[in-house]
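> Sequence:
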Amino acid sequence: MKTLSKFTCLIVLLGMLSTTIIQAQAKRKLNTTLQKELLQMREIDQIAVYKNYISPRKETMTEQQRNVYKDSVFKAHLKRLGEIFDQYGFPGYDLAGESGSQAFWLMVQHLDEYVGFQQKVLKAMKKEVKQGNANGQNFAYLTDRVLVNTGHKQKYGTQVLYDNSVGKPYPKPLQNPKKVDEYRKAVGMESLNEYLNGVAESHFQMNKQFFESKGITKPYQYETTKK
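Numbered according to my numbering, the sequence shown spans residues 1 to 227.
Calculated directly from the structure, the hints in this document are not laboratory data. Only a predicted model underlies this, so the values are computations on that prediction, with no experimental measurement involved. For every residue, glycine included, the Cβ atom is placed at its ideal position computed from N, Cα and C. Where hints are given, some of them may not hold.
Below 25 angstroms or equal to it, Euclidean Cα-Cα: the simulated DMTMM-like pairs (lysine to aspartate or glutamate) are [claimed, not checked]:
| no. | residue 1 | residue 2 |
| --- | --- | --- |
| 1 | Lys172 | Glu98 |
| 2 | Lys127 | Glu194 |
| 3 | Lys185 | Glu223 |
| 4 | Lys126 | Asp112 |
| 5 | Lys130 | Asp163 |
| 6 | Lys178 | Glu194 |
| 7 | Lys226 | Glu194 |
| 8 | Lys214 | Asp163 |
| 9 | Lys123 | Asp181 |
| 10 | Lys126 | Glu190 |
| 11 | Lys70 | Asp94 |
| 12 | Lys179 | Glu223 |
| 13 | Lys155 | Glu43 |
| 14 | Lys179 | Glu190 |
| 15 | Lys120 | Asp163 |
| 16 | Lys120 | Asp86 |
| 17 | Lys168 | Glu190 |
| 18 | Lys172 | Glu113 |
| 19 | Lys75 | Asp86 |
| 20 | Lys70 | Asp112 |
| 21 | Lys126 | Glu201 |
| 22 | Lys185 | Glu201 |
| 23 | Lys123 | Asp163 |
| 24 | Lys153 | Asp86 |
| 25 | Lys36 | Asp94 |
| 26 | Lys79 | Asp112 |
| 27 | Lys127 | Glu98 |
| 28 | Lys226 | Glu201 |
| 29 | Lys185 | Glu212 |
| 30 | Lys127 | Glu201 |
| 31 | Lys120 | Glu194 |
| 32 | Lys168 | Glu223 |
| 33 | Lys70 | Glu43 |
| 34 | Lys208 | Glu223 |
| 35 | Lys153 | Glu98 |
| 36 | Lys123 | Glu201 |
Pairwise CB distance ranges, derived in the manner of DEER restraints [to be verified]:
| no. | residue 1 | residue 2 | range |
| --- | --- | --- | --- |
| 37 | Thr62 | Tyr88 | 30 to 40 angstroms |
| 38 | Ser213 | Ala76 | 14 to 24 angstroms |
| 39 | Gly136 | Glu83 | 25 to 35 angstroms |
| 40 | Lys79 | Gly215 | 45 to 55 angstroms |
Using the sequences and the hints given, assemble the complete structure.
This is the structure we're talking about:
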């Protein structure tokens, strides 16, 4: 019996050692080359997405030329991001650092014309979030993006529309309005109304001249419990 007990203990120890080795192998080494590439791609993404983003090249473009430029950037980024995803899966903090991981997510977030790719990334990202290797709030944003892009109601209320007659942002249809703050809190987000107030402030500042021409002198504000 003692021999059997020792043998059983040995099996357990070997199993624990094997698990430790597998976990160590699964943890990827920081790839600074990939991190740098993702950050450079993010800069181009920002120029393509935001009309007012400072870029001498973009300032000389017509609206039509800007749209063509944006589409070309998205297509090029889809190809490269797809290659990165096929090789590494979702690049978490361990592989690309927080900044590189954030950049990858942000560019995928903007690829609304390629929702199939967004869905694949979202599934892989979920695993990394559970392991603390990716940002839970970013996951919430991409979750809502995919839901909206596939014709469903969003969960976290991150996707908004605007009533520009009063400068008011409001969320696209929600799965469960009564529980949305609970969902948001679970991933470390502020309440929906606090979020909408922040969105309203940014939208007002970006379009201040327009709103002031309408007699709107300050951003719309929702009531919150925050003091």
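> Go through the numbered hints given earlier and state which of them the structure violates, listing their numbers in rising order.
1, 2, 5, 11, 13, 15, 21, 23, 24, 29, 30, 31, 35, 36, 38
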